[in-house]
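Peer 1: Chains as they are written, first to last, in our numbering: chain H, 81 to 558; chain E, 153 to 825.
Some hints could be false.
What the hints assert, rightly or not - Derived pair list, reagent style SDA-like, types lysine to any residue, alpha-carbon separation capped at 20 Å: (1) Lys332(E) to Glu378(E); (2) Lys300(H) to Pro264(H); (3) Lys451(H) to Ser188(H); (4) Lys389(H) to Ala504(E); (5) Lys231(E) to Gly689(E); (6) Lys314(H) to Glu378(E); (7) Lys314(H) to Gln380(E); (8) Lys300(H) to Glu378(E); (9) Lys421(E) to Lys524(H).
Note that these hints are calculated values from the structure, not bench results.
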Amino acid sequence: MKPSWSISRRTLLRGFGVGMALPMLDAMTPLIGADPAPASRAATFAAPRFPVRMVMMNLPNGTYYQEWNPGPAGALGALKPMLEPLQPHTADLLLLTNLWNKSATADSIPHYANEGCLLTGTVVKKTEGTDVSVNGISMDQVAARCTGAVTRIPSLHLNMQKPVGGKDTGYARMYNNQLSWSSPTTPVPNETEPRRAFDRLFRTAGGPAAVRALSDRDRKSVLDYVLSDATALKGRVGLGDQRKLDEYLTAVRDVELQLERASAAASKERVIDPAMARATKEIAGALGNAGTVAGDSSFLANLGRDHTKRTRLMLDILALALWTDTTRVATFMFGNDRNNMNYSFIDGVKEDHHNLSHYGEGPDKLVQYRKICIWHSEQVAYLLGRMKTIKEANGASLLDNSMVFFGSALHDGNNHGKEDLPILLAGRGGGAIKPGRVIVNPKKTPLCNLYLAMLQTLGVQTEAFADSTRPLSEITTG
Amino acid sequence: MTPRFLLMAALAGPTLSAGESPDQPAALLARFCYSCHSSAQHKGDFDLERLGAPDPKQASQWEQVRMNLAERTMPPRGKPQPNASEHERIIAWIDRGLDGPDDSDPSDPGLVSPRRLTRLEFNRTIEDLLGVAGDHAAAFPADSAGGSGGFDNSADGLFVSPVFLELLLDVALRVVEQAKPERLDLVAPVPDKSGAWSPQARRRAVEASLASFLPRAWRRPVTPAEVQALVQIYLRSTAQQVTHDDAVRLTYAAALTSPNFIFRIEAAKPGTAPYPVSPFELATRLSYFLWSTMPDKPLLEAARDGSLAQPAVLAAQTRRMLADPRAAIMSRLFISQWLGTDSLATGTGPDAKFFPVYTPALRAAMIEEPVVFLNALLAGDRSLIELIDCDYAFVDPELAKHYQFNHPGGEGFARVAITDGRRGGLVTMAGVLTVTSRGDRTSPVLRGKWILDELLSAPPPPPPPNVKALAAPKKGAVQETLRQRLERHRADPSCTACHLRIDPLGFGLENFDALGRWRDSGDGGLALDTVGNLPSGETFSGPKELKLVLMQRKERVMTTVIERMLSYALGRNLERCDRPTVRRIQAALAKDGWRAQTLVVEIVQSLPFRFKRNQVASEARARAEMVPVKPAAPPTAPTALPAKPAAPPATPPVPPAKPSGAPAQPVSKDKSP
C-alpha cells in the first residue's frame with residue numbers, strides 16, 4: 081500500500097468500480113495501546129478495550145415538554161408522544177430530568193445564549209460579531225483531542241442546515257451554526273451536504289481529483305512551507321491580525337498531525353470487512369440517486385419532500401463513519417436553533433420551525449409543532465435502529481458500543497425555560513452505561529455532570545468539565 | 153463639544169449629587185426615569201442610575217435610552233412625561249455625551265482582521281488569475297455566512313479550519329493543473345549546448361516564473377526571499393524524482409495555499425496613529441469591494457505607480473470599475489444580503505405545496521428584482537431616494553404576471569411605469585414581502601420589524617424575558633382579527649412599547665399577501681386592515697401612504713443605506729468611530745442629489761476605506777479575555793444591545809439646546825416643542 085491515504089484509498093477504490101473508498105480499519109482491532117497522542121494534547125487518555133463512540137445530536141427550538149416529560153424515576157415504560165417513535169428502543173434509552181446548563185442563563189435572551197454553549201457549558205460572549213467567543217471548548221473537542229489521535233479524522237460534524245449569518249437579539253447568529261468549538265473563538269464547521277460528507281470521508285477530497293495525487297511528502301513539503309510562510313507573515317502584521325494567522329497555523333498543524341496519523345495507520349495491514357464495504361457501496365448508490373440537485377442551490381433540495389430522505393442518508397453516513405472507526409466523536413445537528421427553515425416537508429406542517437415553536441399563539445401552531453418534534457424523534461429512532469443492526473467484533477452492536485446524546489438547549493419551545501432540559505442518552509457506552517431507565521436528578525443538576533461522565537466513559541481522564549460538580553455516575557450504576 | 157456640555161458631562165456622575173440644578177438633563181432623567189429604573193427598582197433589568205451619564209463605553213444601553221425617549225415609548229403612558237423642551241434637552245445631552253460634536257472629523261479607521269477569501273471570492277479570483285472557471289470552493293465547508301454586518305465578506309465570519317486547509321491544498325493543485333499555461337507566467341528553461349535543461353536552468357526558469365506570477369497571485373510585489381522559499385518546494389520535489397512540470401505545479405499550488413493568497417493581508421506600520429494602506433492594499437480593497445475578485449491590470453498599474461493614492465485617480469478607477477460588468481456582483485451580494493432576499497434561496501419562504509404559483513422561476517425573479525433595480529440606479533447614477541419610492545419597477549415575465557403588469561415583451565427584466573403608487577421602491581418588492589411573511593400568511597409584525605431594522609436602523613429591542621407569546625384567538629361568535637389579537641397582546645405593558653412602533657408599519661403592507669401579490673381582502677376572507685397609527689400621531693393606510701411616511705424619514709433611510717454599504721465595503725460591522733464618516737458621506741450625498749455612484753465613490757474615499765490602524769494591546773486583551781463562567785454582573789437588561797452603530801442625526805450641526813431635526817429621527821416626527 082502506498083503511504084498516502086488519499087492515494088491508497090483511491091487505488092483501492094478502483095477494485096470496486098464505483099469510486100468507493102475503503103474504510104480504514106483494522107478489522108475492528110482498535111489502534112490503541114501505545115497512545116500516539118502528542119504531548120500537546122493535554123488530557124490523558126486510557127481508551128476502553130473496545131472503542132466507544134459518541135454522538136451529540138441537537139433538537140433545535142425546544143420541545144413540547146409536557147408531552148416529553150418521562151415521569152418518575154425507574155424503569156422506562158411507555159413514552160410520551162414527543163418520544164413515541166423511540167418506543168422500540170426503550171431498553172437502550174436513558175431519560176434524564178432536571179439537567180440544566182447554568183451558563184445559558186447568564187442572559188435572559190433565548191436561543192443564542194443557549195445553543196451556542198450547549199456543549200461548552202460556558203457563557204457565550206454577548207456580541208454581534210467582531211469578537212465572538214464561547215469562552216471554552218466544547219466537550220466533543222475535549223473528547224476528540226484524545227480519541228482523534230487514533231482515528232483518521234478526529235471528529236465529524238454534520239448539520240442538515242446551512243450556516244446563517246447576521247445578527248439577532250444582540251448576538252451574532254453564527255453562534256447557532258455549530259455545536260462544536262475547538263477553541264473559544266474557533267467554531268468547527270459542519271458538513272451540510274451528504275454527498276460532500278461522504279466524499280470527504282470515503283472518497284477523495286471533494287470533487288474531481290487532481291490528475292496527480294499528492295504524495296505525503298508533497299503535502300508535508302507544502303505544509304512546512306505555509307507554516308513558515310505564515311509564521312514569517314505574523315511578524316509583519318498588527319497584533320489583531322496575528323490572531324487570524326494563529327488560526328491558520330493551528331489548522332496547518334492539525335492537518336500535519338492528521339497526515340502523520342494517516343501514514344502510521346496506512347502502514348498497517350488492513351483487513352476489509354465485507355459488510356462495511358457493502359454498506360459503503362449502498363450509500364454511494366443512494367447518493368447517486370438522491371444527490372444534490374444540479375444547477376439549483378444545493379440547499380433548495382432540502383425544501384423538497386425528500387428532506388427526510390436526505391437526513392437519513394446523512395445519518396447513514398454518520399453510522400458508517402463510526403462503524404469504520406473513521407472517527408469516534410461526532411456532532412449532528414438537525415438544524416440551527418432558532419432556525420426559520422420551513423418544515424412543510426412534513427405532512428400537516430406549513431410554517432417554519434422557530435415560529436411554530438411559539439405554539440402559545442394558537443392550537444394550529446401546536447399541532448404543527450408537535451409534528452416537527454415527533455419527526456425529530458423518528459430520525460433519532462432511525463439512527464438507533466441502524467446502529468443496532470451493526471454487529472461489531474466484540475459481539476455487541478454499534479449502538480451498544482456508543483453513546484448517543486439527543487437533547488435541546490431549551491426546556492420548551494414556547495416559553496424557552498432553561499431548567500430541566502429535554503435530554504436523552506442512548507446506547508451502552510461499551511457496557512458502562514445501564515439504559516432502560518428514567519433518572520430523576522435533583523433540580524438544577526449541571527448538564528456538564530453528564531458530559532463529564534460521558535467523557536470518562538470514552539476514556540478521557542479528566543475530573544472536571546466546565547461547571548461540572550461531579551460525574552453523573554448514575555448513568556452507569558443501574 | 154461645547155464647554156457647556158463638557159462641564160455637564162463632567163458634573164453628571166453615576167448618581168445625581170446634591171446641589172445640581174433640577175433643570176439639568178441628568179436631573180431630568182432622574183426625575184422622569186428613576187422611579188422605575190433606579191438601582192433599587194431597575195424594572196426590565198434596566199438600571200439607569202448605575203449607568204450614570206452618557207458615556208461612549210455604555211453606548212449600546214444609551215442608544216436604547218435615547219430611542220425609547222425619542223419615540224416617546226418611555227416613560228410609559230400614565231407616568232409623568234417630560235415636556236417638549238425637557239425632552240429635547242435629555243436627548244441632546246445623550247447625543248453629545250455619546251457622539252462628540254457633529255462636525256468632528258473621522259479620525260479612527262477602526263479595526264479589521266485579515267479577511268479570508270470567501271468561497272465566492274476564491275472562485276472569482278481563481279478564474280481571473282488562472283482562467284479556470286468553476287465552483288472550486290464547493291469542496292470547502294460553507295462559510296459562516298456573514299458576520300455581524302450580515303454580509304458574508306465580514307472578516308469575523310470567515311474562519312480557517314483544518315478541514316478547509318486540508319481541502320485547499322487539493323483544490324489548489326487541481327486548479328493549477330487546469331490553468332491555462334500562459335496564466336501561470338511560465339518561463340521555459342534555457343537549454344544548454346546539447347539542447348538539454350540543466351538543473352540550474354530549470355531553477356532559474358522557476359524563479360523567473362514565480363517572480364512574474366506571485367505579484368498577481370498575492371496582489372503585491374514580492375521579495376526575492378519569498379520567491380526562494382517557494383523554489384525550495386520545487387527543489388525538494390524534483391529531488392524525489394518528480395518531473396519538472398509536476399514539481400512546478402506543486403510549487404504553484406503551495407503559492408495558492410499560502411496565507412498570502414487566501415487572506416487579504418495588510419502589512420502593519422509601527423505606532424498607534426492611523427496610516428494609509430499601501431496602494432496595492434488599497435487596490436485589493438477596492439477590487440474585492442466592487443468585483444469580489446483580484447485587481448485587474450489597470451488597477452494594479454495605478455497601484456504600482458502610486459497614483460491610486462490620489463483622490464482623483466481613486467475616484468476615476470472606482471467609476472471605471474463600476475462601469476465594468478464585474479461590478480454587478482456587488483449589487484447582487486450587497487442588496488440581497490441587506491434586504492435578506494438571498495435567504496429565499498436557502499430555506500426560508502413559503503412552500504410551493506401551498507402556493508403552486510411559487511415556482512423556482514418566480515423565486516429567482518423575486519431575488520433578482522432588487523438586484524436589477526440597484527444595478528440600474530448605479531448604471532444611471534440615479535438618486536438613491538428611489539429605493540424608498542419611485543414611479544417605475546423592473547419586472548420579468550414571471551414578476552409581471554405576479555404583479556398583474558403587462559410585460560413589455562422579451563425574456564428578461566424590463567422597466568415598467570408605476571402610476572398608482574402600489575409598487576415602486578424596496579418595500580413593495582415581492583422578495584421583501586415574501587421574506588417577511590410566515591409560510592402561508594402575512595405577518596405585520598415581521599414586516600414592521602423589517603422596516604425598522606433594514607430601512608430605519610431602529611431595531612426594536614428583543615422581546616422581554618419570558619414574554620407571553622401571542623395568545624390564541626378568543627373563542628366567540630365573531631372571529632378575532634389579527635389586529636385584535638395583536639392589540640390584546642400589546643395590552644401587556646412590557647410588549648406595548650415596541651409593538652406600538654412595529655405593528656403599524658406592517659399593517660401598511662397588508663395589501664400584499666404572503667407572496668407579495670396585491671389583494672383587496674384578508675386571510676380567510678376577513679376585511680383587509682391596512683391602517684397604521686404611529687406613536688408620532690401619523691396615520692396612514694396602504695403602501696402608497698406608507699412610502700410617504702418613509703419619505704418623511706428619507707434622511708434616516710439614506711443613513712441606513714450608507715451604513716450598510718460601508719459595512720459591506722469594509723468587511724466589518726460599523727462602530728461608533730464610524731459615525732463621523734457616515735455623517736460626512738451623508739452630507740456629500742445630500743449635496744449631490746443622493747446619486748448612487750457618489751455613494752460608492754465617497755465610501756472608497758473615506759478614511760476607514762483608505763486607512764487602518766494597529767490594534768492596541770488593551771484591545772487585544774479585551775478580545776482574548778474570557779468572561780467568567782459565573783456571570784459577575786446581574787443579567788443584562790433586555791434593552792442592552794451591544795454596540796450598534798445607530799445612525800447619527802444626519803442633519804447639519806445644531807446648537808446644543810436644540811436636538812437634531814425630525815428628518816433624521818426614526819418613526820417619529822413628534823419633536824417640535
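Peer 1: Going back to the hint list, which numbers does this structure go against?
Peer 2: 1, 2, 3 and 9
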